[in-house]
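> One letter stands for each residue in the lines below.
2 protein chains.
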Amino acid sequence: MKIICSDLEGVFVPEIWVNVAEKTGIEALKLTTREISDYDVLMTKRLEVLDKHGLKLKDITDIITTIEPLQGALETLNWIREHSQIIILSDTFEEFARPLMKKLNYPALLCHSLVVDSEGRIADYKLRQANQKKQAIKALKGLNYTVIAFGDSYNDTAMLKEADFGFFFRPPENVIKEFPQFEVTNTYSELKDKLTSLL
Amino acid sequence: MKIICSDLEGVFVPEIWVNVAEKTGIEALKLTTREISDYDVLMTKRLEVLDKHGLKLKDITDIITTIEPLQGALETLNWIREHSQIIILSDTFEEFARPLMKKLNYPALLCHSLVVDSEGRIADYKLRQANQKKQAIKALKGLNYTVIAFGDSYNDTAMLKEADFGFFFRPPENVIKEFPQFEVTNTYSELKDKLTSLL
Chain Z
1 MKIICSDLEG VFVPEIWVNV AEKTGIEALK LTTREISDYD VLMTKRLEVL
51 DKHGLKLKDI TDIITTIEPL QGALETLNWI REHSQIIILS DTFEEFARPL
101 MKKLNYPALL CHSLVVDSEG RIADYKLRQA NQKKQAIKAL KGLNYTVIAF
151 GDSYNDTAML KEADFGFFFR PPENVIKEFP QFEVTNTYSE LKDKLTSLL
Chain S
1 MKIICSDLEG VFVPEIWVNV AEKTGIEALK LTTREISDYD VLMTKRLEVL
51 DKHGLKLKDI TDIITTIEPL QGALETLNWI REHSQIIILS DTFEEFARPL
101 MKKLNYPALL CHSLVVDSEG RIADYKLRQA NQKKQAIKAL KGLNYTVIAF
151 GDSYNDTAML KEADFGFFFR PPENVIKEFP QFEVTNTYSE LKDKLTSLL
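Sequences listed follow chains Z and S, in order.
Counting from 1, one number per residue, gives the positions in the first sequence under the working numbering.
Counting from 1, one number per residue, gives the positions in the second sequence under the working numbering.
Any given hint could be a false lead.
Each pair may be met inside one copy or between any two copies, as identical chains are not told apart.
Only pairs whose alpha carbons sit at most 30 Å apart, straight line, appear in this in silico DSSO-like list of lysine-lysine [to be verified]:
| no. | residue 1 | residue 2 |
| --- | --- | --- |
| 1 | K138 | K126 |
| 2 | K103 | K30 |
| 3 | K161 | K30 |
| 4 | K23 | K102 |
| 5 | K194 | K58 |
| 6 | K2 | K138 |
| 7 | K192 | K56 |
| 8 | K194 | K126 |
| 9 | K103 | K194 |
| 10 | K52 | K23 |
No wet-lab data here; the hints were simulated from the structure.
Bound-form chain Z, shown alone (with noise of 0.2 Å):
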């Protein structure tokens, strides 16, 4: 049996954190993994940028819950259900996605938490698993599962890598370029034909 496991950001829906860089106009938010290449340097920075303004959970979910899908992602998510499981595997925070999961109709998602205080604050931040989405990938071949797996960036090619068919959706130049092996996907049209050949 055949499962699907997808990234989230930049293949459904937007890039977070960039989206709420320009609706807060905070340009320390626009620092990514490019600017600070540790990850867990970059979300303590965030994290007291977004302390700094005064900004809460909620403050951010009310922008988050103004992004919508990329343009197609809802109706080639309903297709890939109706046609099979999928599961988003996504580096994101479960507070964060909730609005997003919302637009597109609740489909399963493993990622991370926040950690909350009392008073909304974000306090810090929970990486469920070292290397999540190469783990989900190894634990549902685990399950007897052949695994198809798509994302757009550098933290998808370990999933990819060991996913059975594992292969890009709409990624950035450099990242064509260092992982030539990787098939590479672009329009929903074409996403959808390479799904129904390994279906």
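Use these hints to put chain S onto chain Z, whose structure you have.
Only chain S this time, still in chain Z's reference frame:
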């Protein structure tokens, strides 16, 4: 982080085989895991009965398409999906489940599959994995999830034991007596209260 796993038949939809038995009028198809706890013995008997009556896959899925989820099931499942992640673990087959999954808004489902011959006859069935429900719980625990599980019958007890928090939903009397260690919920309201206390 927490995740919920649940059974399907008897929890969100009626027992599929019981419905097929009623709608075809074939008594022998009324047996379930409530009566015969060895699933292999049960399934082999069911397929023999279908063959004897000349019933093919499409005849069965046509009947399944007429089955509705249990009263309140969709609302309960929607409520769960707004509050947590849920993966349904069922010993049914994806070919049978599909029409019901559509009516339940496509929750994630891990189950088994059928072997269908070129003439549409159900030639065999393929259990994806022995003890698949228990194995799925173990896999999710391996992904650092705290697992909450509920189901109604014998084939759920191994998953309820393996889960961090396992309890029954609408179990028959004999199952309650045999497994007194599991708390019993009987209505969706009780189920939601129980989940609320665990999430």
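> Work down the list of hints and note, for each, if the structure agrees.
Hint by hint, here is what the structure shows:
no., hint, result
1, K138 x K126, "both (21 Å within a copy, 21 Å between copies)"
2, K103 x K30, "within (23 Å within a copy, 40 Å between copies)"
3, K161 x K30, "within (27 Å within a copy, 46 Å between copies)"
4, K23 x K102, "within (20 Å within a copy, 36 Å between copies)"
5, K194 x K58, "between (39 Å within a copy, 26 Å between copies)"
6, K2 x K138, "both (14 Å within a copy, 20 Å between copies)"
7, K192 x K56, "between (39 Å within a copy, 28 Å between copies)"
8, K194 x K126, "between (34 Å within a copy, 25 Å between copies)"
9, K103 x K194, "both (25 Å within a copy, 27 Å between copies)"
10, K52 x K23, "within (16 Å within a copy, 65 Å between copies)"
The structure shown violates none of the earlier numbered hints.
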